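There are 4 protein chains.
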Amino acid sequence: MIEIITTGGTIDKIYFDAKSSYEIGEPQIENVLREANITIDYRITPLFRKDSLDLSDADRELIKKVVSESAAERIVITHGTDTMIKTAQWLQDVSGKTIVLTGAMQPARFRFTDAIYNIASAITSVQLLPPGVWIAMNGKIFAPASSRKNVAMNRFENI
Amino acid sequence: MIEIITTGGTIDKIYFDAKSSYEIGEPQIENVLREANITIDYRITPLFRKDSLDLSDADRELIKKVVSESAAERIVITHGTDTMIKTAQWLQDVSGKTIVLTGAMQPARFRFTDAIYNIASAITSVQLLPPGVWIAMNGKIFAPASSRKNVAMNRFENI
Amino acid sequence: MIEIITTGGTIDKIYFDAKSSYEIGEPQIENVLREANITIDYRITPLFRKDSLDLSDADRELIKKVVSESAAERIVITHGTDTMIKTAQWLQDVSGKTIVLTGAMQPARFRFTDAIYNIASAITSVQLLPPGVWIAMNGKIFAPASSRKNVAMNRFENI
Amino acid sequence: MIEIITTGGTIDKIYFDAKSSYEIGEPQIENVLREANITIDYRITPLFRKDSLDLSDADRELIKKVVSESAAERIVITHGTDTMIKTAQWLQDVSGKTIVLTGAMQPARFRFTDAIYNIASAITSVQLLPPGVWIAMNGKIFAPASSRKNVAMNRFENI
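Residue numbers (UniProt numbering), protein chains in the order written: chain A, 1 to 159; chain B, 1 to 159; chain C, 1 to 159; chain D, 1 to 159.
Worth flagging that the hints you see were computed from the coordinates, not collected in a lab. The structure presented is a predicted model; accordingly, all values stated were derived computationally and were not measured. There may be inaccurate statements among the hints.
No distinction is drawn between identical chains; accordingly, a pair holds when it is met within one copy or between any pair of copies.
[Unchecked claim] Mimicking BS3-like on lysine-lysine, the simulated pairs with C-alpha atoms at most 30 Å apart in a straight line are:
{"#": "1", "residue 1": "64", "residue 2": "140"}
{"#": "2", "residue 1": "64", "residue 2": "86"}
{"#": "3", "residue 1": "65", "residue 2": "86"}
{"#": "4", "residue 1": "65", "residue 2": "50"}
{"#": "5", "residue 1": "140", "residue 2": "97"}
{"#": "6", "residue 1": "50", "residue 2": "86"}
{"#": "7", "residue 1": "64", "residue 2": "50"}
{"#": "8", "residue 1": "65", "residue 2": "140"}
{"#": "9", "residue 1": "97", "residue 2": "86"}
{"#": "10", "residue 1": "97", "residue 2": "50"}
{"#": "11", "residue 1": "65", "residue 2": "97"}
Next comes chain A alone, as it looks inside the complex (with noise of 0.2 Å):
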């Protein structure tokens, strides 16, 4: 069973008319997995719906006690990508689970979207990794610690 624990960021917003400003909304990550006719045994748990430059340490330290008490031993978080990184050194020393991190450059209500792409790449290196944190974003795996967010470039690389 995978748990996935979704936090907020782009990958969730959502645009609301009436007050013309953009939120973050309900976790998109169920829809795509249905669109996929994903076969894989999953639950979804809701944290949080924020901006991740908005995430808390207190919001890190709950993450953290959510993901070392889930029952499951894969994991992945939807998360925004501007602390991404940083959530991930909070997990590191959370032992015998696998942990993947994802998120969006672009919202996945968008025609055009790397969240699809992105939720599937952590869907599948969460079954494949050995135990630890990882970041699943632009078709790579990252390690947190050798790795940054270009936000010239809008994409993670490693250094």
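Fit chains B, C and D to the given chain A structure using the hints.
Structure of chains B, C and D alone, referenced to chain A:
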């Protein structure tokens, strides 16, 4: 020949991840018309990239000037929905031209959007309506003097 | 009230993998109208699921009978493009009703399709045109007697 | 470097209206990888544009030859689903290479498709799996010898 004037609004909203804010991007109407394989003669004049709440009366005067001086007798204006009716009324005394305003509640870049439908409705109705100013939204043609945006229901309706 | 009669055609084509063949599925127009948040009053009558090359004269008689007996004065017919003009001419002597035929070159289920635009064009023009039979394709309104499908260019045009 | 060999199948199906028949078009995988902003190093080798029911044993020998002679140690093959397992087994004795086959139940050109997910799953797993031949479908990784396509359920499953 149909003159298409773009002023911004939700229809052209785009997301910039680095800034974590939504801004108004390039007019999307050209992509929509190309995808539908349209053979009508048209010209696109990008005028503003503004949320319609940010359009000033001076901006409306400029729209009016461009509309009045256009060689075209049939004009479509893409516009944010919040002040679309106000701009339509501003153009009421332009004579001899059929003017149709449209916009969208969901950006054209979304996988699910009313933008394609609304653009088609405006381009179709501008060819058929008599001179005057009209609004094409929610599958209907509205006269500005007797319509309103129902913010709670997120749609246009007759008064 | 607008009566929408669906007869099949490319607009409703769907792919069944097990059979490795494309067939005509459920009418897609309802999905398109819902996505655009349309507030007009309409009713959908699914009549055939046929490629328009397979429509017989008896089929056209049935379409004519349904159109004639409908309580609605404004009628949209979704139809394959290959014989759309023939069916339009078949309906020429129905009096007192505005009838607009439309279809698509690319199925509505495709990510890139002219189906949404064409449906919007038909629903918009049926509200504005006088009684008679019309074709809404490629962004224009055609009279059946003076139009043709240009197969090489894959579009409708005036003769 | 990942070598991507395309052989056709539903994933690349395209519709030609003039002929009123579906055919297999250009490989779609490049569009999918570009949309996801992938930074891995890859090369695409288009080999066939065939429905997998039309692939002969000679075709499979050619696939095997191209795989064997490729400089790449990690190879993804896009393939129709009906004989994907047969081709996978044909390649079983290629040594020293990680080979992942994938395809789609719904064409990549559809608005709703499993193609993007499956391509991501193949590209991700080919980077992580040991040498051997694998199938990436329905969110899982299958060993060819113990899997089958369930035609009635339209999905792959373990025997």
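Evaluated hints:
Proximity of residue 64 to residue 140 under the C-alpha cut-off of 30 Å is found in both arrangements, the shortest distances being 24 Å within a copy and 27 Å between copies. Proximity of residue 64 and residue 86 under a CA criterion of 30 Å is satisfied intra-copy only: 12 Å inside one chain copy versus 44 Å between copies. Within a single copy, residue 65 and residue 86 get their C-alpha atoms as close as 16 Å, which meets the 30 Å cut-off; across copies the closest is 46 Å, which misses it. Taking the shortest Cα distances, residue 65 and residue 50 sit within 30 Å of each other inside one copy (18 Å), while across copies they are farther apart (44 Å).
Proximity of residue 140 and residue 97 under a CA criterion of 30 Å is satisfied in both settings, with 20 Å inside one chain copy and 19 Å between copies. In this assembly of identical chains, residue 50 and residue 86 lie within 30 Å of each other by CA distance solely inside one copy; the values are 15 Å within and 35 Å between copies. When the C-alpha separation of residue 64 and residue 50 is checked against a cutoff of 30 Å, the pair qualifies only within one copy, where the shortest distance is 16 Å, while the shortest distance between copies is 42 Å. In this assembly of identical chains, the alpha carbons of residue 65 and residue 140 lie at most 30 Å apart whether taken from the same copy (27 Å) or from different copies (28 Å).
Taking the closest pair of Cα atoms, residue 97 and residue 86 come within 30 Å of each other only inside a single copy of the chain (18 Å); across copies the shortest separation is 35 Å, beyond that limit. Within a single copy, residue 97 and residue 50 get their C-alpha atoms as close as 24 Å, which meets the 30 Å cut-off; across copies the closest is 42 Å, which misses it. With identical chains, the CA atoms of residue 65 and residue 97 are at most 30 Å apart within one copy only, with a shortest distance of 13 Å there and 40 Å across copies.
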